[in-house]
Each structure stands twice: as C-alpha cells, then as structure tokens.
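Guided by the hints, dock chain X onto chain P, whose structure is given.
Chain order of the listed sequences is P and X.
For the first sequence, counting from 1, position 118 maps to 1459 in the working numbering; every step adds exactly one.
For the second sequence, counting from 1, position 165 maps to 266 in the working numbering; every step adds exactly one.
Everything labelled a hint here was simulated from the structure, so no lab data went into it.
Note that beta-carbon positions come from the ideal geometry of N, C-alpha and C, so glycine has one too.
Worth double-checking, as some hints may not be accurate.
[What the hints assert, rightly or not] Partial list, derived from the structure: chain P residues whose beta carbon lies under 8 Å from chain X: (1) Gly1502; (2) Arg1505; (3) Ala1508; (4) Gly1560.
Here are the chains, one letter per residue:
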Amino acid sequence: MLKIPYYPGCTLSTVAKEFDTSAKDSAIKMGFEIEDLPQWNCCGATFPLTPDNIMGLTAPAKVLAGAEKAGDTLTTLCSVCYNVLKRTNRVLKDDKEKLSTVNEFMEEEYAGGVEVTHYLEVLRDQIGFTKVTEAVSRPLKGVKTAAYYGCMLLRPFEDMGIDRAEAPTIMEDLLKALGATPVFFPDRVECCGAHLAMDKPDIVSKLSGNVIDSAAREGAEIIVTSCPLCQYNLENTQAESGSALPIVYFTQILGLALGQDEKTLGFEKNKFSPLALLRYKELL
Amino acid sequence: MSRIGVFICQCGTNIADTVDTEKVAEEMKKIPGVVHTQDYKFMCSSPGQKMLKEAVKKHRLDGMIVSACSPHMHEKTFRRACESAGINPYMCEIANIREQCSWVHHDKTKETGTVKSLDLTRMTIERLKKNQPLKPNKIPVNKRALIIGGGIAGIQAALDIADGGREVLLVEKTPSIGGNMAKLSETFPTMDCSQCILTPKMVEAELHENITLMTYSEVEKIEGFIGNFRVTIRKKARYVNEELCTGCGDCWDKCPFKQDSEFEHGLKKRKVIYTPFPQSVPNIPVIDAPNCAMLQKGKCGVCAKVCGPKAVDFEQKDIVVEEKVGAIVVATGYDLMPNEHFGEYGYGRIKDVINGLQFERLASSSGPTGGKILRPSDGKEPQSIVFIQCAGSRDEKKGVSYCSKICCMYTAKHTMLYRHKVHDGQSYVFYMDIRSGGKRYEEFVRGAIEKDGAMYLRGRVSRVYEKDGKVIVQGADTLSDSQVEIEADMVVLATALVSRPGADTLAQKLGIGYDKHKFYNEYHPKLKPVETVTAGIFLAGTCLGPMDVPESVAQGSAAASKVLVLTSSDEMIKDPTTAIVNDFTCNACWDCVVACPYSAIEKTDIKDREGNVIRRLAHVNDGVCTGCGTCVAACRSKAIDLKGYTDEQVYAAINAF
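The following block holds chain P by itself, in its conformation from the complex:
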C-alpha cells in the first residue's frame, strides 16, 4: 500500500482529532496510507512575513528536516500547517543562504528535498478523483454541499499553487466525486476572521456570518472546510446567530461517502451534526 508521510499538527492531535482520524480511515478505503512522522513539533502556526525573520522559519524547517528522513513528500490536512510548511519550504528551496542559516540553528540538517502537498492534492493528483468515486459506497446524492476554502489553503497564490485563488474547484470536484451537489457560493474564498476571535470577536461574527449567510442563500445544506480555525469560527458564529448548518471537515463527509461507520467520524464533536439531515435524505 502507498504510504505517504503525514504531518498532523497540534490542532489535529487535540481539538480536531476527528479531522485526523477520518482522513486516515478514508485513505485506507481508497488504497493508501498516511503515516504520522515519527517525531514532529508545532509548525509555528504563522509564516513570518518579515523577510529577515529567520527564527520564524526554524520550527517549520525542523518539521521538514524530519520529513526528509521519511521520504520526499509530506502531506498535511490543516490549512494553516499546509500554508506555513509550504511557504517555508519554498523560501528554503529558493534561498540557499537562508537555508544554511536555518540549518545552523537546528540539530538536524534540511537539504530542501521535500515536496509539501495537501491531502486534497494527493486525492486529485496521485489517487485521482475517478478512483475516489470508485471507492464510494454511499454516494451523497442530492446533498447540497458548500466548500469553504478560507484564505490559508489558497493564498498567496504564487506560493500555494494548489488551485486558482479566486475561483478554485478542487473541493467541489471532490464533492462531485462523492456524489454530492457542490454549491458555489460567493464567499467561499473570503476570510472567516481567523485569530481576531481572540480580541475582536465582533469582526469574526461579521465575517463568518457573511460566509454562512452567503452559503445558506445559495441553498447549502452542509459546509465543509479544511481549516480547524475556520471550522471553529463558523460554528461559534452560527451558535450565536441561531441558524443550524452543519459545518464539518471535508474528510468527515469523505468518510461517510466511503462507507465508514458514522459513529467513528466524530460528528458528536460538531455543534451541528449533519447526521439528521442525511437520515432525512435516507442516505444513512
């Protein structure tokens, strides 16, 4: 079985455990395995925007150095980890001077030989969405699903390159492969408010509220995302506002379609579970 080195990251090891497990179980159903790096640390959670902030690069560089021992690719799920690792990797590959400076701070040496890919890219480019469809045993027929990308998965476009920044389709293509009906809504690449949840929650309420309203207006029944922070902000905002759209990780929906037992998918952790809807649609 194809084994791909995998970086879970802090959030997926703690509060977003369901994101991690559903992805792992789904991978096996599709004929590959994602394998935790034997040792890893926090990615740093923010990519340093000052060019001479070398210290900010060391945490993700350490992750990459560890990944290099495991293979030439590293996949991850959390949008933020993906963003930080991919951008750091690009900086270190392009700027040999920075790479050697960073290496001086670390016990291990990173040579620049790792390719960072998102789980979605693995599905699209290595497995192929047609193969995913073949593995589907419980097609999500008629479920209007809105894919919410947020910022970190796509931007900055030159660095990430996973899809078109303004009009991405990778998640919608996956949803189609699962038999669901993707809902293209205007705010799917807008910001949820991110860390402002800490000190300016009103801004998060406004931005996340816009996202939910926009998806609801287009008839979405479920929102999927690949970012734990987006998921948190959207759910919390919705809890205040009173609407009840399920907001889940795309891997949870993927697991459902691939026929995993819904009890293992961690929906009990979601404030708004999609199970009732799916039972109503007689898909469960």
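Then chain X, alone, in the frame of chain P:
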C-alpha cells in the same frame, strides 16, 4: 604611391584656439604619399570646398583627408566635394580634431591639442592608404506594398499608399476588414458614430483601383529584403465563390446552425455561414468549417440549395499564393486580456460582468440589443453600472505592468452613453488615476462627471459577486478612506489591451523585434516611430502598444508616407559600407548567420560542374546589410570584413599611432 591631400580646418577658433593647424599642415607634408597640405578657416564653407576641388585638380590627388569636426557633421559634404572633383567619395576620410580633440583640451599653449591632432591625422592618412574606392549599391525596388491587418491603421495606410499611386495588397485574417474599430459604438472625444466614420473608408478600400483585398487570408512566410520581398499568403477556403456571390444573405437566413458571434463578443449568435457584421467588406460570407454539418458530416447543404447564383462551393480548398512586394506595413492590432485573469471580478462566471468591447456592442445601434443597454443575464435595463478601470493594466502581479492608455477615455464615454440611453441610470467608476492627456480629452472626462453624473471613486475593487440578482461590488474609496459596497445591475471591466495571440510568431517570420508583452518594437521610440530594424518593414497601430483611433490613423498615414518614399524611385541607393565574406577563408560555421540582427547573411552552396555541392559559404545580402559589423566580430576565422572599415585599414591606423 598615393597622392594624398590633407586639409586642416581651423573651424573659426573652435579648433585653432587649442590646435596649431599651421603646424599640423606643415608636419603632415613630411609623410610619404602626401603631396599637398593646407589649413583654412572654414573648410565646410563654399570657398573652402572650392579650394578643395581646385587642389584635387592641381595636385592630381587620389585621396583626401579633412581634419575637422566629427564625420557625423560634414563627412557627406566633403565626400560630395570629392565626387564632384572626380575622385571616389570613399577615398575621402575625416580626422575628428574638434569633438575628439580641440573641444576637450583647454591647453592654450596649443601643445596638447597639436600633438593629438598630429596623431589623429597621421593615423587617418595611413588608414586612407588602404582604402578601396567603393560604389553605392543599387537595389531594384518593387513598388507594391503589403499591409498585414485590415483594422483602421491598416486601412488608412492602404488608402494613403494607393492614393499615392502605388499598388497595395491588404491582407486580413478575418472575413471582413474593419478590425476592432468596427465594433465601437461612438468614438471619443467627439462622440461620432464609429461605423459612420469607418465604413466609408472600408468601402473606399474595397473599391480603390490600386488596392487588392485579401480577407480571410494569413501571411505564412516572408522572404527577401527591402524592395524585394516574397510573401506567401494562405487564402483560407471561404466555401463561397467570391466571383459569383452577390451578398444577398439568403444563405445565412436559412442556415439552421448557430455559433457565438466573435464580432459580438459572445453577446449574440451568428449562423455557421456568416458575415461578421452587416457592413462587412467584402460582403461575402464564409462557412465556419469546423461547425458546418455539411462539411463535417455531409448532411445539410441548405445554403447551397437556396443560393441563387450557386456561389456556395463545399469543395473549395485553401489557396497558397506568392506575392512580390517592395514594402510591408504591419498593422495587426490588439486583443483584450482573456477573462481568466479576473477571478475576483467574476468575469467569465457572472453573466452581468462584461468587458469594454462588449459594452460597445450593447451601446451600438447595430449591436445585439439594437443600441439599448440591457443586461446579458435577463435582458433588463440596468439601473446602475459599475465600471472598473485598470482591470489587468498597471498590475504587474496579476496582469500587465503597462497602462492600456485608452480605458480612462472610453470608460468616461461609456458613462455618457449609458446616461444618454438610460436617463435615470447611475454609473460608478473605480479608477486609479484619470489619464486624459489629449486634445479635448480632459474636458470630455469632466463632462462625464459634471454633466452626465458619473460618480468617480478613486480606489480598487476587491471582489465582485452575485446576490439576489444584483452584482455586488466591494471596493475601497481612498479619497474618503472608506470601504464601499455597491449593489449594481451590471459591471463593465476596462480590461487591459494585449497583443494578438501569435504576434510573436509573425514577428519572427518578419524578422522584427518585440517586447516582453509581444508588442512590436519600433526602430527608435522617438525618431523612428513606425520603422522597424528590418528595412522595408513598417508598423502602424496597436500592434506597437495601446493607442486610440486618432493615433492609429496617424501611424497608418506615417507608415504609408514611409512606403511612398521607398517606392518613389525604381532603384534604391544604399551605402556600400556593408560586410563582405572572404570565400577562401569562410569555414561555414554560420556564427555570422546567428549573430546578424537583420537576417542579412544567407547560406549559399558552391557547386561543381555536375551540380554537386562542394562547399557551403556565408553570403552577405547587400540589400539588407546595414554595416553594423556584428558579424565581423562574430566571425572566428576572420573571414568577414566591413567595406570601408576593413581590418587592414584599422591596423594601419593603429600602427601609425
């Protein structure tokens, strides 16, 4: 032994102040081969030149040195004097003792200047001893001109050349001439109807006895050089006999198949047998072969059945013709930036987000809505329109670095047209700067704002999305420092002007330069704005870069005047200082062929009596060679020399130092 005369100019006090010209004359007399020397106040004056000519006769001179100003100033003057005195003009050389000596030395004792003048003159004398008399090259000139591109610039050039009495071949890729200007509704700043001013010119081009139109044709190959181009043109199959067709329109009325109209930018359908627009020139339809059921599957043929004069011919094939012309004008025009560049504006996804040319079609009385401004999505009259300028322009990150130049003006025009047609409609314009340089242009924009109520907002738009049948535009107003959100019915993007796809391949065929945006390079941006580095090929219009109609017309006329100058005589006289290959030492490495920026060097075969190729050699075409000397430097076997600047001459000069 040569008989050289040396003439030292005092240039008033310009030279004489720091150079002892008398001493220079004195000293030069001692050099073997010099039979006469003389200094004088103004060599270039009439008495000075008369003196030169007399000296030539009196001393039977066969060569002459004038130690004076830069050859840029008076080389021609003195060479002409030589010629009229009976010696080959290329046996006259200039030693520059003004710009390169007297003007840069301030030693009033004249010592420094005199020593240097002695050196310069002596070197030139030794150089002259190795000179060969040269004869100007005469090149026959074919008086026909080829124009590539039938937009307004090409049409203007064609008409001017034809009116000048020369034959013109106007080649256009699409089925009709007219170009982008034919799509416009009104033109700024006078608001006259575009078609009303363009179509008479189109018809004139069609009827002009000196103009041959070749529409639906493409240039495939260009060979030869100035005055003597051989052009291969593919005349694509129209599947309609041009001789028989009367343009009655029965065929396209009855054709059952429809495709998006290129001319209407997708706002309307056209038939598969079609003319792009009602005023097409020529008014002869073409069949869109890939979409024709008869041509693809052998079923249908309705057009042939209804055609009275039996002009439809499904058997027609492409015809490839070779034409000989003396000059070429390239006027291939522009395109708008494709829509995938504007994800955040929803262009290509949201139906009511359109580009400037689409708006022109909506506003045009011959357009898809008959001149009514209606939304493409539901055909309703929009109550508000947001215009977004610089969509792709001045945006190195996502689009192009340059300013598209015409958008500020046409957007102002759009707001006016909109207000004139929808009286209570409100237009909003997001702009970076308003660039309205041009005669009556600024007044025009002020009119749009002050009389026609366009609301100008300085700032960029971040996103455009649909909500409840409206198009929501979010952007910044940097003058009030606030974020704005406008619920509009329609959005018009002033998308960047870009070069035509394939502009680079055409440039390679022509041997002309282009920039990183694939706009063609003029020879000199200020002083040779319509010439190219390749002699005999001229440029006009937006293939050079964004420009408006008046500029395109001016360039068309400018290129035409260049063509008329070139074709004004049967022969063209060219300077003989061209490169020449030594057949004995050329080893056919072709480094020179690669190095030559003008494609002036050809590979030739030397054959024995049986016709077998025994050697290959580089050969310089004197018609194309400009004498730049690049090949001389590139030649590793030193087989190339530049006439008038041979290695022998240069070494002789150096050795005399």
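Hints, verified against the model:
| no. | hint | result |
| --- | --- | --- |
| 1 | Gly1502 | violated (14 Å) |
| 2 | Arg1505 | holds (6 Å) |
| 3 | Ala1508 | holds (4 Å) |
| 4 | Gly1560 | violated (13 Å) |
Violation of the numbered hints given earlier is confined to hints 1 and 4; the remaining hints are satisfied by the structure.
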